[in-house]
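Enquirer: Same order as they appear, the protein sequences are chains L and U. At position 94 of the first sequence (counting the first as 1) the number is 93 in numbering that gives the first Met the number 0, and the numbers step up by one without a gap. At position 157 of the second sequence (counting the first as 1) the number is 156 in numbering that gives the first Met the number 0, and the numbers step up by one without a gap.
Keep in mind that the hints were calculated from the coordinates and are not lab data. Be careful, since some hints might not be right.
One side only, chain L facing chain U, incomplete, derived with CB under 8 Å [unchecked claim]: (1) Thr25; (2) Gly37; (3) Lys38; (4) Ala39; (5) Ala139; (6) Val171; (7) Pro172; (8) His219; (9) Glu285; (10) Ser294; (11) Trp301; (12) Thr303.
Some chain U residues near chain L, calculated using beta-carbon distances under 8 Å [said to hold, decoys possible]: (13) Leu12; (14) Gly37; (15) Val40; (16) Ala243; (17) Gly246; (18) Glu285; (19) Pro291; (20) Ser294; (21) Leu298; (22) Gly300; (23) Ala308; (24) Thr345; (25) Gly366; (26) Gln389; (27) Gly392; (28) Arg394.
Since this is a predicted model, take the numbers as computed values, not measurements. Even for Gly, the Cβ is constructed at its ideal location relative to N, Cα and C.
Protein chains: 2
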Amino acid sequence: MNAEILAIGSELLTPERVDTNSLYLTQKLNEIGVEVVGKAVVGDDRARLTAAVEQARTRVPLLILSGGLGPTEDDVTRDAVGVACRRELVFQQEILDAIERRFRAFNRPMAEINRRQAYVLEGAEALPNDRGTAPGQWLADEAGVVILLPGPPSELKPMFERECLPRLRQVVPPRYIVTIILRVAGMAESDLDQRISPIYTRYQNPVTTILAAPGDIQVHLRAYGASEPEARVVAEEVSRQIEADLGDRVYTRCGESLEEVVGKMLEARGATLALAESCTGGMLAERITSVPGSSKYFLGGWVTYTNRAKQQWLGVSEQTLAGHGAVSAEAAREMAQAARRAAGSTIGVAVTGVAGPTLDTGAGAGGPKPTGLVYIAVADKEGCEVKERQFLGERERIRLQATQMALDLIRRRLFT
Amino acid sequence: MNAEILAIGSELLTPERVDTNSLYLTQKLNEIGVEVVGKAVVGDDRARLTAAVEQARTRVPLLILSGGLGPTEDDVTRDAVGVACRRELVFQQEILDAIERRFRAFNRPMAEINRRQAYVLEGAEALPNDRGTAPGQWLADEAGVVILLPGPPSELKPMFERECLPRLRQVVPPRYIVTIILRVAGMAESDLDQRISPIYTRYQNPVTTILAAPGDIQVHLRAYGASEPEARVVAEEVSRQIEADLGDRVYTRCGESLEEVVGKMLEARGATLALAESCTGGMLAERITSVPGSSKYFLGGWVTYTNRAKQQWLGVSEQTLAGHGAVSAEAAREMAQAARRAAGSTIGVAVTGVAGPTLDTGAGAGGPKPTGLVYIAVADKEGCEVKERQFLGERERIRLQATQMALDLIRRRLFT
Chain L
0 MNAEILAIGS ELLTPERVDT NSLYLTQKLN EIGVEVVGKA VVGDDRARLT
50 AAVEQARTRV PLLILSGGLG PTEDDVTRDA VGVACRRELV FQQEILDAIE
100 RRFRAFNRPM AEINRRQAYV LEGAEALPND RGTAPGQWLA DEAGVVILLP
150 GPPSELKPMF ERECLPRLRQ VVPPRYIVTI ILRVAGMAES DLDQRISPIY
200 TRYQNPVTTI LAAPGDIQVH LRAYGASEPE ARVVAEEVSR QIEADLGDRV
250 YTRCGESLEE VVGKMLEARG ATLALAESCT GGMLAERITS VPGSSKYFLG
300 GWVTYTNRAK QQWLGVSEQT LAGHGAVSAE AAREMAQAAR RAAGSTIGVA
350 VTGVAGPTLD TGAGAGGPKP TGLVYIAVAD KEGCEVKERQ FLGERERIRL
400 QATQMALDLI RRRLFT
Chain U
0 MNAEILAIGS ELLTPERVDT NSLYLTQKLN EIGVEVVGKA VVGDDRARLT
50 AAVEQARTRV PLLILSGGLG PTEDDVTRDA VGVACRRELV FQQEILDAIE
100 RRFRAFNRPM AEINRRQAYV LEGAEALPND RGTAPGQWLA DEAGVVILLP
150 GPPSELKPMF ERECLPRLRQ VVPPRYIVTI ILRVAGMAES DLDQRISPIY
200 TRYQNPVTTI LAAPGDIQVH LRAYGASEPE ARVVAEEVSR QIEADLGDRV
250 YTRCGESLEE VVGKMLEARG ATLALAESCT GGMLAERITS VPGSSKYFLG
300 GWVTYTNRAK QQWLGVSEQT LAGHGAVSAE AAREMAQAAR RAAGSTIGVA
350 VTGVAGPTLD TGAGAGGPKP TGLVYIAVAD KEGCEVKERQ FLGERERIRL
400 QATQMALDLI RRRLFT
């Protein structure tokens with residue numbers, strides 16, 4: 000079955016706002032086997048909205064509208080759908096009672112204009128809203144189904160889940176979906192796609208989507224089937240081939256972030272971690288501590304942004320800083336080892352580099368260093384491994400890639 | 000003049016992708032006085048796209064399409080617009096030559112299918128693409144203007160700026176725009192709106208938009224006028240009233256981030272900063288070092304995620320930790336003072352709290368502490384100020400609000 004989604008609101012036509020309800024709705028619709036073949040945004044304009052609803056209904060049997068159900072003159076969705084579907088609006092006392100109860104519960108008087116929200120299209124079912132005043136509406140006629148939902152995501156989502164999905168399942172043939180989310184660290188999107196596109200392009204099912212962020216790529220495999228096991232077999236067939244090709248570059252098949260994966264590995268091994276950061280300025284610690292429960296394995300870290308801090312807090316030697324500079328393999332090694340020693344942790348990790356755009360780390364010695372040059376050191380009882388990398392891009396991108404590579408080095412260290 | 004924007008691409012109808020080109024285009028169009036009255040996404044579907052173009056042209060005199068100009072069978076924009084506007088596609092040798100030159104420059108052979116990109120609608124102007132192979136197109140006829148742009152933002156933006164804006168300025172009456180972006184720390188959106196809506200709702204010009212993030216609200220005032228000074232007067236009239244009402248809660252009128260504002264103040268005063276973080280786990284350092292040139296005032300910081308780290312690295316006293324717990328005004332004060340002393344900085348700042356969802360900071364002593372309870376201390380030569388706050392929400396939201404409040408406290412300290 001095909002559907003279209005229509006978001007209503009002049010604020011969604013400004014340069015600042017984007018309609019995200021349609022992403023949520025698309026996901027839920029895809030899961031039950033409904034394809035979204037178009038979506039649109041219209042402002043708070045009765046005539047334009049009426050025309051948009053009329054035209055959409057000639058194209059698809061399912062139309063979902065979000066927004067424009069508030070109590071003000073600007074809220075034109077009820078009226079416009081009424082005109083487009085040739086239905087009167089009928090006042091329903093029970094709905095007004097529910098809105099009044101809601102206001103009383105919050106100890107606030109109900110404004111007279113809220114009466115507008117108690118009107119329902121003739122023949123439509125009102126969909127209760129437990130998070131706000133505007134009820135939704137479900138209208139089924141010979142042309143198909145039209146659903147009216149409130150705009151705020153916190154109202155739309157529970158209403159769609161509770162009121163609409165069960166009704167839609169009655170009219171859509173059952174379909175099951177299994178999603179496998181592979182995540183890969185340290186590869187360029189083009190390199191990854193070149194390797195795996197010969198695999199996934201052979202299949203219409205699962206549907207493969209690749210999402211790339213700096214230093215992190217997600218491969219989403221969404222498989223459909225008449226039963227859950229059938230869908231799983233379809234997803235696994237492609238996933239196994241991709242995983243075999245990418246090997247240990249794949250750090251999860253459940254979609255978790257790299258910091259979560261590393262956290263789980265540290266916790267499982269009873270290992271602890273301490274950090275010494277220069278160019279990443281706390282970003283690595285921030286990512287690690289973004290995981291709930293990270294205090295079980297993360298002891299702490301130093302953000303040594305000056306040469307003096309590196310010397311005095313971590314004991315990086317004068318000779319290293321004068322001879323090789325703060326951005327050097329030697330400095331990274333001393334920082335990682337010092338962090339490990341001072342914290343008494345299983346693993347110590349250090350990042351030092353040039354995030355740009357200016358030389359920011361007092362890396363004067365050892366010759367000029369290019370923006371994006373980063374050294375990452377991982378120290379444990381076996382010794383200390385240092386990697387050099389030249390990252391490209393802006394300051395934030397360089398910092399993000401450096402933290403990503405550091406996390407990946409910890410992950411690989413914990414494998415061995 | 001009214002416009003609609005149509006984005007083409009089946010990937011834009013998945014739950015993962017959102018069309019952002021339209022935000023850029025809307026901003027540029029608004030700036031020259033064009034209103035966007037609708038936007039839509041269609042998949043790579045010839046028939047649907049043809050119908051969408053035909054219908055949009057009956058509604059508006061300016062239609063902008065992005066995407067679907069690639070060389071493959073899936074790229075249907077040229078064909079669909081040709082059918083909708085009743086124009087043949089004409090092969091242009093100069094365009095093929097340019098595409099071939101581009102491939103040669105990258106030392107790659109041109110595939111035969113790229114010939115498809117050398118076809119232009121009869122009577123349209125080809126718009127050169129200096130970042131990719133697909134030229135854009137500009138078609139003006141009795142029904143209005145249709146613009147075809149490539150989908151990748153890195154190609155679309157320079158092409159629109161260089162080729163389309165000058166042409167549009169010829170057909171749109173001149174209009175100037177001035178934007179003032181006020182940013183406010185430490186207020187809830189509803190409180191702010193209640194204060195300033197009596198001011199801005201009296202004006203259609205400037206257009207006021209409020210964007211809220213945790214602990215940070217942006218008020219955008221976009222004013223239009225027949226000249227730049229005229230637009231500025233209009234923007235200033237409203238801005239001055241809002242600023243007078245909000246007082247020192249406004250931390251910028253140029254849209255900069257709070258970390259940039261604090262960085263500029265520190266640098267202007269020749270002051271330096273050191274941090275001691277617990278629950279924010281490096282996020283405060285990360286934000287401060289996200290500003291290029293922050294090494295001029297940021298010396299470094301400690302992420303002390305355990306009681307042991309707080310004691311051993313910063314010298315927080317056993318008695319404090321045992322008596323009040325790590326989440327306490329006393330611990331925050333000792334941390335801030337120790338950071339300032341150890342780093343030799345002008346200002347020392349500490350954050351300790353419960354980010355949740357579990358008690359994460361070893362804050363056992365001093366009784367159980369609720370999730371979201373945060374202490375922030377700012378120490379300088381005058382003494383040490385400690386603030387207690389109870390933040391609401393999820394872990395990341397609590398951490399973000401804590402860093403925002405810490406930055407705001409530094410800002411206020413630097414005022415006095």
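Enquirer: Interface hint check: Ala308 (chain U), Cβ to nearest Cβ on chain L, cutoff 8 Å. Holds or violated?
Expert: Result: holds, 4 Å to nearest chain L Cβ.
Enquirer: Please check whether Glu285 (chain L) passes as an interface residue: C-beta within 8 Å of a C-beta belonging to chain U.
Expert: Holds - the Cβ of Glu285 (chain L) comes within 8 Å of chain U, reaching about 4 Å at its closest.
Enquirer: Measuring from the C-beta of Gly392 (chain U) to each C-beta in chain L, is the shortest one below 8 Å?
Expert: violated (13 Å)
Enquirer: Does the closest beta carbon of chain L sit nearer than 8 Å to the beta carbon of Ser294 (chain U)?
Expert: Since chain L brings a Cβ to about 5 Å from Ser294 (chain U), closer than 8 Å, the hint holds.
Enquirer: Going by Cβ atoms only, is Ser294 (chain L) closer than 8 Å to chain U?
Expert: It holds, given that the least Cβ distance between Ser294 (chain L) and chain U is near 5 Å, below 8 Å.
Enquirer: Can the hint on Trp301 (chain L) be confirmed by a CB-to-CB distance to chain U that is less than 8 Å?
Expert: holds (6 Å)
Enquirer: Under 8 Å is the threshold here; is the Cβ of Pro172 (chain L) close enough to any Cβ of chain U for the hint to stand?
Expert: Not OK, violated: Pro172 (chain L) not within 8 Å of chain U, min 21 Å.
Enquirer: Could you check if Lys38 (chain L) really has its C-beta closer than 8 Å to a C-beta on chain U?
Expert: holds (5 Å)
Enquirer: Next item in the hint list is Gly246 (chain U). Is there a CB on chain L closer than 8 Å to its CB?
Expert: Since chain L brings no Cβ nearer than about 25 Å to Gly246 (chain U), farther than 8 Å, the hint is violated.
Enquirer: Closer than 8 Å between Cβ atoms is the bar; does Leu298 (chain U) clear it against chain L? Give me holds or violated.
Expert: For Leu298 (chain U), the interface hint holds, since the closest Cβ of chain L sits about 5 Å away, which is under 8 Å.
Enquirer: Can you verify the interface hint for Thr25 (chain L): is its Cβ closer than 8 Å to any Cβ in chain U?
Expert: Nearest chain U Cβ about 5 Å off; hint holds.
Enquirer: Mind checking the CB of Gly37 (chain L) against every CB in chain U and telling me if the closest is under 8 Å?
Expert: holds (5 Å)
In this structure, the earlier hints numbered 5, 6, 7, 16, 17, 24, 25, 26, 27 are contradicted, and the remaining ones agree with it.
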